[in-house]
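> The chain contents come next:
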Amino acid sequence: MPLPSEIYAVLEDIVGREYISAEPSILDSYAWMRANELRTKDRSGFFIRPEAVVLPGSSEEVQAIIRTCNRFKIKCKAFSTGWIVPAQPSVSGVISMDLRRLNRILEIDEKNMFAVIEPYVIGAQLQAEVMKLGLNCHIIGAGGGCSPLAAATSFIGNGADGIFMGYSSETLLAFEWVLPNGDILRTGSLGAGFGWSCGEGPGPSLRGIARGIMGASGAIGVFTKCAVKLAPWPGPAEINVEGTVPAYRTKLPDNFRAYTIAMPSWKAYADVCYKIYDAEIGYIIHRQFSMLGEDLSTAFFTLYMDPTKSLDDLEEFTQDPKIQRLADELRHYSFQIILAGMTLRDIDYQEKVLDQILGEVGGHRVADMSDPEKAQFVFLYLLKLHCKNLNHVYAGGKAQYFRPDGSPDYSVEYAPFMIELLRKHQQKGLLVKTGGDSLMSTISAIGGGGDFHLEQFVSYNLNDMESIEAARELAEEARKIAAEKMPGSSAALAGLTQDAMLAAIAASAQPIRYHWQWKIRQMLDPNGVGESAGYPTLKELPKL
Amino acid sequence: MALGDYRPTMRGCTRCSYCKFITLAHIKSSRFASGCPSIAYKSFQTYSAGGRLSAALSLLEGRTNYTHKFKEIVYQCQLCGLCDVACKLCRYDMDVLDTFRELRFKMVEDGQTLPQHASLIKKLHEIDCMSTQPLVDQGMWAQELEVTDLSEKPGSVLFHAGCESRSDNRMKKVARSAVTVLKNAGVDIGIMGKAEHCCGAKAYDMGYKSDFDRCAQNNLQAWTKAGVRTVVTSCSNCYFAFKRLYPKYAESNIEVLHTIEFIYRLLEEGKIRFSRDLPLTVTYHDPCHLGRMGEPYLPWDGVVSKVFGQIPKHVPSKPRYNGAWGVYEPPREILRSIPGLRLIEMERTKENAWCCGAGGGVNEAYPEFSLWTASERIEEAKSTKATALVSACLQCERNFMDAIRSNGDTMKVYDIVELVQLAS
Amino acid sequence: MADNKLELMQIVGVNNLFDDPATLDIFSKDYSFVPSRRPRMVVRPSDAAQVQSIIKWANQTATTLIPVSSGPPHFRGDTVPTVGGAVIVDLSRMKGLLSIDRRNRIAIIEPGLTYGELQAELAKEGLRLSTPLLPRRSKSVLSSLLEREPMITPKYQWSLMEPLRCLGLVWGDGSKMSTGEAGEYSSDNIKEQQKKHRSFVVGMGPNNVDYYRLVSAAQGTMGIITWASVKCELLPSIRKLFFVPSNDLQTLIDCAHKILKVRFGDELFILNGANLASVLSSSSDQFKSLQRQLPPWVLLIGIAGRDYLPHERVAFQEKDIYELVNRSGLEMTSTVHSAESNEVLEKLYNPSRETYWKLRYKGGCQDIFFITNLNKTPEFVATMHSTAEAFKYPEKDIGVYIQPLHQGVCCHCEFNLPYDPDSSEELTRAQALFAKASENISFGGGFFSRPYGIWADMVYNRDAATTIMLRKVKGLFDPNDVMNSGKLCF
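Chains as they are written, first to last, in numbering that gives the first Met the number 0: chain Y, 0 to 543; chain R, 0 to 423; chain W, 0 to 489.
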């Protein structure tokens, strides 16, 4: 249904003619999102077209748009880099607010180690600027092409550097929030005009209703500016990238190390996580490369590091005995660790501690991965997370299921089962046979350690209907098992219809949390202009 | 090929937004992070490569029709190829640039053209030239250079001037410098003079495939008749056409070199020596068609199967054209070997170079956008504190000069060959 | 009224309800300058079920409840009733240490547990908890964390909520809830969940709301917390403390920035000479003597070695920090005049001895504290001094405590104003100085993130949007305004 011309005219008055459109091809580019084929009836990548797209150029324009939506009772959904399904409208009748024009770094405070950014600053941009000052910023697992503001205010926030830099929410300081009713709230020290650096208070912290462990994915207003905490960066002011595309790498400075370590069992894997937390070492620690599968990953990354090779060489590489040996060494119980010494003495110490820890758990540094070119590749990769679209490298389709999230002991318990589940489904030949272990994880999502999850990567051919169906079948089985083993978790709720979702959350542990969310949402958004499937609510508590 | 053959690419877009930026690892500042002029200028998602892919799929699936806006979305793109490089960083199954070309071919077939493009095609038909400038008397650009006219007397090395040199007084000096330098190095160089045909690259970019085919045929026939074994050109657009497009459509054993490559070879052989100091601080702009699109054409005629369940495998291995093997180092080596000259790099270089703004028919149809793109590059050049911007493409240099004049800037623009001549 | 008292007795037991004048007097005032007001009763529940019943009762009877976890002396005015007929909910009976999980470094505590009690038990497991600067003996750990009191170890502050993680709480409307990751699983049986490797580590959430933030610095206005998980550090096997004295605060600030930027050291904070004298002295005379000897400013930095190569850690950090300090033109030492680092370290690792360290000099003390940035603290020191001068308050008596927070992003800046509470002249002067200095600090950009007493008006009057929203949030979780009514902006 086209947007009524009256509303279109009002919005055009706000943003200007060139920044609003209801042109079908433009709307379709906003209806497009990866993994949509898993949820659309015709397996198309197009989901729901928004009614119109607006591109505001300031917080004031955002506010005016939201007020317009309130006036006309029309929903609005804002997003910035938007590389995930919740960035899109999930129902029809929604105006998409593309925050692309809000792309400035407003301030970098070197001494107090924070930066103030707008929604469309990407991690790679912020990182480049702050590195010049001896600082670094948290880059989420989806990579440097994503928005730190969106991660901090509106979505999840795990990243490879989480152990040192914190979860996105832990880096969030004060922020500017256009509420669903069109008011502007500035949180923490910002509200009273005292700057950006304190995100809490005065008194009870209102950022508590803006996001929890997850953000609202656009359901409760628009975040137009925020301050993010930065972290020390003892490396060069500018990263000198060498190598021929795609095999980019960078030399490791003397005070850095890039290792892959391997342990003999899941128990030892969990043990090493705890010991690393206790020892307070590590700058970036991530189980990254296993995401492309225990049977293929080693071969793939070896060929990826050679610019003369392509995916056509993958089969041959998997047959190389040297690569097979390395794959076996890395199988299951390995991950990557970047050590960054603030000084040369520091790196020396950290390296010794790491070796001691490995000795205690029966682990070792994987010698082959310490080959200088490989180490340089790993270092650049994890520092920048600049090629995270490799998630989709094999056949375009990638999904993730059954995400146990908790302590290392909790999550590793699920690993054998997750591996078996994927292996079983891969045997049908309709999914990419990466091997059952395509588990990726951040060794700690939160600062200092403690929270660890495992994410199973499922590669499918998004141009093949049978492959898409196979991925959906796996998703459904994983969801059912999650409902049984991890009731109420996001894994248990994935892909449910609205009614099924309501039933599931009503039956979950502590359904009152969803009822509070309903109340909060009613309070913030009386006219219902926000839209998001990522903010589950329960209007009525189940009767006991 | 037909547009439908590129459906897998269109469906394959994951909306990662890498096509909007230079490869992320190379970002050195927030200011110069953008890689795609189109979305940087226009902002709607549809102006990015990913968005344009979804627009193309939308057309293919009948979800949208041709509209004025649709045409603008398609044609407001220089086809600079950065999106292709950025996408192929992680994906082996995507052919973004080829999809856009195919889309333009379809649009021209369907009559969805721009009047500015159509008038240039008319000029091509009439005078075999696609410059927007009035045509200087063909062949006059080489006056007094005493070069052989290969349309009259056979010769093995042909210098192809290109439409810009034949039309724009500012650019003919580049051609003259090139011929002079090569002659002085002992190369028996000839030209086609009045008989030079347009390379057809612009027609190709605009979507006029049959016109391009005709240009290719004309040139190949003329060269064969003249006994040409090596074609040299200073226009990167022509270089791209000869090196990458012509072999796709017709077999030829003719070696294609950019003037830069030839000079580099002659320097290595000691046939060019620099005897004069050139105290300049310069920065070098990688032309799209010499850099990331300067990879040679590699014929492929193979089959595709699936391995490991669903991974496509081409046998033999299919060439990627991901910008890895463009002509990046020879121009830099030349500049570094000029005495007194100091080369400072911009932030966006080689496969990540920001486009000059002129390509893809944009200069002709959207001059403001073209100049804006060039101005962005000039700002980047100025940020290096260099006093001169050097390149190896006539189209790039012309657009930079136009932008500098329009903005009142003082930066000088040179072609490498001019500096070589000055230093020799 | 008699019926109401009876209902409460039935909830907590007759021996746990007090309405005698002596008990009520204790809760009717504190060291702050808020007006004295007597509560009606004091009740001491023993568990969460009783707490919930009390809150439900309060909703039915429109009675204000004031949760109190720490023992006296109190200083902030938050536990003094603002309205009449209030009931103090004294949580000191709930002092269980429900669990210590060494592997995940999580302790689960009840509100009545004090630092001394907790640290003693944690030490047996090789753990300890980051602490504020010399908390008083009766200070409840939970209350300190809920009120976002600054910790002396900024490197562990991944957020200003640290080390607080999950909570069990009862909201002002009487509904019960667990927060953080505990909100995602049934948390009634902690041991049962721990057997399933649930660790109570993540404090955020559950889902899209950070409930623990809504009860932080809330002065008990949202609900009552019945248990909390806290993230512990490893107990050091080696500890060293160093002093970096300076005549000039700005130089010391620059030095602190350098150290924070490499995230070295453990404890890290700045005291002026007066406050260091307060920490070291046990009597007024001793304070005066030390005050004269100690340097104007001292940065204190602790370096600890734990399980892994502890000697090496301490050794290399000592060298590296020493070099950093030198680069600022300063020296790092193990003694500063009569102060020995071991002596100070011993104090820092334990709660304050009686008499509470801030009261030793004159018997009374007013604190002004706020959040700012480290580099702005010299301006505030100047503001404090000039305001004190206007009131003829001796500058040399003013204690200054500067605590970097959130790994250095901001800092807690605190001025301690000792006075003799038995001298009406000093009392009046202290009261006036407190008010004026607070006002000047607020105008100068000091952020009262924990707005006790008069600070509430100062900060909320500047931020209408926050005030409106807070009232709405309060309206959700405590619709009948039974929780510490009249505090903050409520």
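Simulated from the structure, these hints should not be mistaken for lab results.
Backbone N, C-alpha and C define an ideal beta-carbon position, used for all residues, glycine too.
Among the clues, some could well be false.
In silico BS3-like pairs for lysine-lysine, Cα to Cα no more than 27 Å straight-line [claimed, not checked]:
no.	chain 1	residue 1	chain 2	residue 2
1	R	Lys312	Y	Lys131
2	Y	Lys479	W	Lys194
3	Y	Lys110	W	Lys257
4	W	Lys195	W	Lys123
5	W	Lys94	W	Lys28
6	Y	Lys538	W	Lys94
7	R	Lys208	R	Lys317
8	W	Lys318	Y	Lys110
9	R	Lys312	Y	Lys321
10	R	Lys171	R	Lys381
A short list of chain R residues far from chain Y (calculated; beta carbon distances all over 10 Å) [to be verified]:
no.	residue
11	Gly3
12	Ser155
13	Lys182
14	Arg335
15	Ile343
16	Ala387
Which stretches of chain Y does chain R cover? Using the computed rule of at least three CB atoms under 8 Å from a CB of chain R, they are [unchecked claim]:
no.	segment
17	76–82
18	93–106
19	278–287
20	311–322
21	357–370
22	529–539
> Hint by hint, say whether it matches the structure.
Results of checking the hints against the structure:
1. Lys312/R - Lys131/Y: Outside the cut-off at roughly 43 Å; violated.
2. Lys479/Y - Lys194/W: holds, 23 Å
3. Lys110/Y - Lys257/W: Roughly 9 Å separates the two Cα atoms, so the pair holds.
4. Lys195/W - Lys123/W: OK: Lys195/W and Lys123/W at ~24 Å, within 27 Å.
5. Lys94/W - Lys28/W: Cα-Cα ~24 Å, so holds.
6. Lys538/Y - Lys94/W: Violated - the C-alpha atoms of Lys94/W and Lys538/Y are around 36 Å apart, more than 27 Å.
7. Lys208/R - Lys317/R: holds, 23 Å
8. Lys318/W - Lys110/Y: holds, 23 Å
9. Lys312/R - Lys321/Y: holds, 22 Å
10. Lys171/R - Lys381/R: holds, 26 Å
11. Gly3: Label holds. Min Cβ-Cβ 12 Å, cutoff 10 Å.
12. Ser155: holds, 32 Å
13. Lys182: holds, 35 Å
14. Arg335: Fine: 18 Å to the nearest Cβ keeps Arg335/R off the interface.
15. Ile343: About 14 Å separates Ile343/R from the closest Cβ of chain Y, which puts it past 10 Å; holds.
16. Ala387: holds, 24 Å
17. 76–82: holds (count 3)
18. 93–106: With 4 residues in contact (Cβ-Cβ under 8 Å with chain R), the coverage given for the segment 93–106 of chain Y holds.
19. 278–287: violated (count 0)
20. 311–322: Answer holds; 4 residues pass the 8 Å Cβ test.
21. 357–370: n = 0 at 8 Å, threshold three: violated.
22. 529–539: Violated - the segment 529–539 of chain Y has 0 residues with a Cβ nearer than 8 Å to chain R, which falls short of three.
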